[in-house]
Amino acid sequence: MNNSSPSPQSASSGSDAALAHVVDIRVLLGVFAVLMVLTTITVSVSYFDFGALNLFVAISVATMKAALVALYFMHLRYDNLFYAFVLLVGVAFLGLFLSITMLDSVEYHPGVEAWQERTQ
Amino acid sequence: MNKPLQSKSTTGSYLIDPPGLKSWLFTLDHKRIGLMFLVLVSMALALGAFFALLIRTELTLPGPTIVSEPSTYNRLFTLHGAVMIFLFVIPVIPATFGNFALPMMLGARDVAFPRLNLASLYFYVIGLVFFLLVLIFGGIDTGWTFYPPYSTSTVTPVILAVVGAFILGFSSIFTGINFLVTIHTMRPTGMGWFRMPLFLWGLYGTAVIQVLATPVLAITLLLLAAERLLGIGIFDPKMGGDPILFQHFFWFYSHPAVYIMILPAMGVISEVVSVFSRKHIFGYKFIAYSSLAIALLGFLVWGHHMFTSGQSQLVGMIFSALTFTVAIPSAIKVFNWLATMYKGSIGLAPPMCFALNFIFLFGIGGLTGLFLGSLATDIHVHDTSFVVAHFHYTMAGGVLMAFLAGLYYWWPKMTGRMYNLVWGQVSAWMILIGFNLTYFPQFIIGSRGMPRRYYDYTRLLEVNPEFTFYQIISTVGGFTLVGGLVLVAFILLRSLFVGAKAPDNPWGSGTLEWQCNSPAPHENTPAPDDVGDCYDYNDLEFDEQTKGYVMKQ
Amino acid sequence: MTESHPSDEKPNDGGCKAPHVAHHFDSAQQQYDSAKLGMWIFLLTEVLFFSGLFCFYAVYRANNPQVFVDGHHFLNTPLGAFNTVVLIFSSLTMALAVRAAQLDRNRSVVCLLAVTILCGLTFMVVKGVEYKQKWDHHMVPGQTRIAHWFSDENTQSPPKKFQPDVQYVREHLEEAGHADLDDEELAQRIDNLRSYMGIYFALTGLHALHVIIGVGVLCVVLIMAIRGRFGSHRFTPVDMTGLYWHLVDLIWIYVFPLLYLIP
Ligand SMILES: [Cu+2]
Chain A
266 MNNSSPSPQS ASSGSDAALA HVVDIRVLLG VFAVLMVLTT ITVSVSYFDF
316 GALNLFVAIS VATMKAALVA LYFMHLRYDN LFYAFVLLVG VAFLGLFLSI
366 TMLDSVEYHP GVEAWQERTQ
Chain B
0 MNKPLQSKST TGSYLIDPPG LKSWLFTLDH KRIGLMFLVL VSMALALGAF
50 FALLIRTELT LPGPTIVSEP STYNRLFTLH GAVMIFLFVI PVIPATFGNF
100 ALPMMLGARD VAFPRLNLAS LYFYVIGLVF FLLVLIFGGI DTGWTFYPPY
150 STSTVTPVIL AVVGAFILGF SSIFTGINFL VTIHTMRPTG MGWFRMPLFL
200 WGLYGTAVIQ VLATPVLAIT LLLLAAERLL GIGIFDPKMG GDPILFQHFF
250 WFYSHPAVYI MILPAMGVIS EVVSVFSRKH IFGYKFIAYS SLAIALLGFL
300 VWGHHMFTSG QSQLVGMIFS ALTFTVAIPS AIKVFNWLAT MYKGSIGLAP
350 PMCFALNFIF LFGIGGLTGL FLGSLATDIH VHDTSFVVAH FHYTMAGGVL
400 MAFLAGLYYW WPKMTGRMYN LVWGQVSAWM ILIGFNLTYF PQFIIGSRGM
450 PRRYYDYTRL LEVNPEFTFY QIISTVGGFT LVGGLVLVAF ILLRSLFVGA
500 KAPDNPWGSG TLEWQCNSPA PHENTPAPDD VGDCYDYNDL EFDEQTKGYV
550 MKQ
Chain C
22 MTESHPSDEK PNDGGCKAPH VAHHFDSAQQ QYDSAKLGMW IFLLTEVLFF
72 SGLFCFYAVY RANNPQVFVD GHHFLNTPLG AFNTVVLIFS SLTMALAVRA
122 AQLDRNRSVV CLLAVTILCG LTFMVVKGVE YKQKWDHHMV PGQTRIAHWF
172 SDENTQSPPK KFQPDVQYVR EHLEEAGHAD LDDEELAQRI DNLRSYMGIY
222 FALTGLHALH VIIGVGVLCV VLIMAIRGRF GSHRFTPVDM TGLYWHLVDL
272 IWIYVFPLLY LIP
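So the sequence lines, in the order shown, correspond to chains A, B and C. According to my numbering, the first sequence is numbered sequentially starting from 266. According to my numbering, the second sequence is numbered sequentially starting from 0. According to my numbering, the third sequence is numbered sequentially starting from 22.
There's no promise every hint is true.
Stated by the list, open to error - Only some residues are given here: those of chain A computed to face chain C with a beta carbon under 8 Å:
(1) Leu300
(2) Leu320
(3) Val351
(4) Leu363
(5) Met367
Claimed, not checked - A few chain B residues that face chain A, going by a derived Cβ cut-off under 8 Å, partial list only:
(6) Val215
(7) Leu244
(8) Gln310
(9) Val314
In short, the hints are calculated from the structure, not lab data. Even for Gly, the Cβ is constructed at its ideal location relative to N, Cα and C.
Chain A on its own, in the form it takes in the complex (with noise of 0.2 Å):
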C-alpha cells in the first residue's frame, strides 16, 4: 500500500514541475475515433439476435468504451496506479453487491412465483 498510495508530502516541487502529466491530442482524438467505432458496432449488432449472447456482447463492447474513457480521458494510465485500484475497488464491490443479491432473488423467486400461483 505504501507504494502505491501518493506519496506523503511528494517531493515539494517548485512551481515549475507540471502537476501532472499532459495527454497528446493525438491520443484523446484516436480515442474518440475509437469510442464512435465501438458505439456504431454495438448499435447496429442490437438488430442481430445472437440469443443470450446478447447481454455478452453489449457489456463487453461497453466496458471496452468504459475501459478506454478511464484510462484516457480520466488520465488512469498516466496517474498514479491507486486512483485506478480505487475505481476497481468501486467496481468490485458493486459486482458484490450484485451477485449476492441476484443469487438469493434467483434462489427465491421459485417459491415466490409458486406462491403466487397457489393463491390465484
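Given the coordinates of chain A, assemble chains B and C with the ligand onto it according to the supplied hints.
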C-alpha cells in the same frame, strides 16, 4: 518516543483564537468542528436516552403503563433507534475525536478538505433538523429500518425521516473522504503506515466503510422515497416490487455500518489500553490489519439480518458461515489488548475504567452474536429481546463506553481542564452496573420468548410469570445507566468551572496531540522530522510540579 | 531534530509556497494529489450509488425477462444513440479543456468548456423529448400523482387518472411483431411495461440529475475560466470537474445498451 519539541506554538488556545461567534460558525479548524460535533452528538444522545427511558418505563409492568396505544410505543422505539443510530453511534467517534485528534496525531495543520469538513457538520445539523421535524409531525412507526411494504403505506412522515437519513449519509461520506485523503497524503515524512497511532487505523477502516457502504444506503432511501411517492415498482409487492430486495439493499449498508460504529471505538480502546498500562501495545500490526480485515469482511455478512425474512436457504447458509469469520479479527483485537495489559502497570483513571468496561461488555456482546449468527439458534431467538440485549452490548456497551473513554481521555486537551478522577471512576462503576442490570435480564427473557417491540406482555405471563421481575430489574438498571450518564455530564461540565488547569500530557501518552499545550493551540504543532514509536513510554516521567508527564532529562 | 522550530505561520515550509496553496498543505503537488485522490474516492461513492439501480435492473431482468422484451420496444433507439454520441463527444471536449488548461491556453479552455456545456444541454433536451413521449402515452410512474401536484384545477375534484394508453400499447407491440394479443395478455403486457418504466425512469432520471449537476458545475468553472483563474499550475477545478463529467459519461455508456439495445 517522539522527540520533544523545544518550542511550542505561540498562537493562543483554539477555543479563543480567533474570538467571536462568527469565527466558530464559519470555522475551518478541525478542532472546533470536532468540539461542535461533540456538543451536537451529546444532545442526540440525550434525546435517544430520553426515548429509551420512556420505553423502559412502559415495559416495567405488564399492560399499558404510560403509553395507551401500541402505535405510540411503535413510534417511541422507532425514534429511539433512528436517533441513536443515525445521529449518535454512526457519527460519534469519527466526527468528534476523529476530527479533533486525527490531524494533530499526524502533525498536520488540518484535514485535507477543511471546507468539506465544515459542510459535514452542517449536513449533520440539517439531518438533525429533519429528525426534529419528524418528531413535530408525530414521529414515524416503521422501526429504524424502514422496511417496506409497511414504510410505503404507513401514514407517518416516512419521507421526512428518509430525507434526514439521506443527508446524514452525506455528512458521513464527507468525513470518510476527508480522513482517507488526509491519512494518505498528509502523513509527515517520518511516519510510515506502521508508525501511525492505532486510532488512525481504526478511523481509516471506518472511512473505507463509510465511502463504500453509505452510497448504497443513499440510493436505497432515494428509491424508497420514489416508491412511496410515485410507485416505481421496486420494493412494494402491490406494484410488482420485491420487499426482500429492500432488505438486501438496506443491510448491504447497515451491517457494515455497525463497523462504522465499532471500528473507531476499538481505535480509542487501543490508545487508552496502552497508555494506561504504561506498556507498548502488543501486536501492533495485528491490530492494524484486523481493522482492515473487519472493514472488508463486514461487507460479506449482511444477510444474517435476513435469516427469517424469506431469504433463500442457500444464501442463508453462506452468510451464516461468513458471519463467523468476522469474529476472528475482533477477537484478535481483544486478545491483543489483554496481552498489552498483562504485566503492565495499570492505572485506573476514568478513561481506563471505561476501556475495561468496553472489553468486558463488548466481549459479551460479541460472543452472544455467535448465537445469532448460526441459522438454527437464530430462528429461536429471532425478534426477541435477546437480539436487543446483544446489539446493545455491542453498540452501547461498545461504542458508548469507548465514547466515554475517549471523552475522559481527550477532555483535558479539548478543554484545558482536569475533572475529578474519583468521581469519574464512580461514574464508570455506576454505568457498568446500570448497563448490566438493564440488558442482562433481556438475554434471559429473550431466550425464553419475550418478543422485542411489544409494549404489553400480559399474555406471556401465563407461561412465563417471571418476566415482570426481570423487566423491573431492567428498568431499574436503565435509570441507573442514564443516571451514570448524567453524572458524567455533571463531572465534566463542573470541571469547566472549578477544574484544575490541565497539564500538557496528563496521561503520559506518546502520540503527537499530547505534545502541545492544553487546550490545544489554534495552530497545530508540526510533526518532528523523525517520528518515533508512539507506544514507547520509557522516556516519559511524571512531573509532580505540573501533575503531568514530561520527557526524562 | 535538535533545532527549535520557528513558530511562525508556516512552520514546515521548505521555501516559498505559491499563493494558491492552502495554508494546511506543504506544496502545490500535495494539494493537487489530495484533491485528485479525494475526487477519485468521491467517484467511487458515485459508482456504488448507481450500483443500487444496476442491482434493481439485474434482479428484475433475471426474474422477469419478458418485462424487458416488451419494454424496450417503447424506447427510441436512434435518440438514445444520438445522445450517446453527444455525451462521448462532450467527454472529448472536456478532456481537451483539461489539456488546454495544463498548457496555459485560456481561450481554448473557455471555448471547450462552452462546447461541453452545450453538449450537456443537448443531451438534456433530447432526454426531455423522450420523457415527453412517455408522458403523452401515460407511461411515467406516478403520473397521476405528478399531474395532480401540478394541476391548477380545483383540488377538490377527484384527480384525473393516467393509465397507459391501451390502443397505443397494442399498436406498438403489433409493430414489433407481437400480433394477436388477447385482452388478458395485453393487461399483463401493460403491467410489465409499468415495471419497465420504473426501472427506465429510475436509471435515466438519476443519470440526468447527474448531467444537470455536471452542467451546473461546468458553468461555475466556465466563469472561473473567463476570469482567467486557470493556468498550468492551477487547473485543479477543471481537472476535477472533468473527472466527474467523464464518470457521468461512463455510466451512460452502460445505461444505454442495457436499456435501449438488448431485448
Ligand atoms: Cu449484522
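Right, here's what the structure says about each hint:
no.	hint	in the structure
1	Leu300	holds (5 Å)
2	Leu320	holds (5 Å)
3	Val351	holds (5 Å)
4	Leu363	holds (5 Å)
5	Met367	holds (5 Å)
6	Val215	holds (7 Å)
7	Leu244	holds (7 Å)
8	Gln310	holds (6 Å)
9	Val314	holds (4 Å)
Checked against the numbered hints listed earlier, the structure breaks none of them; every hint is satisfied.
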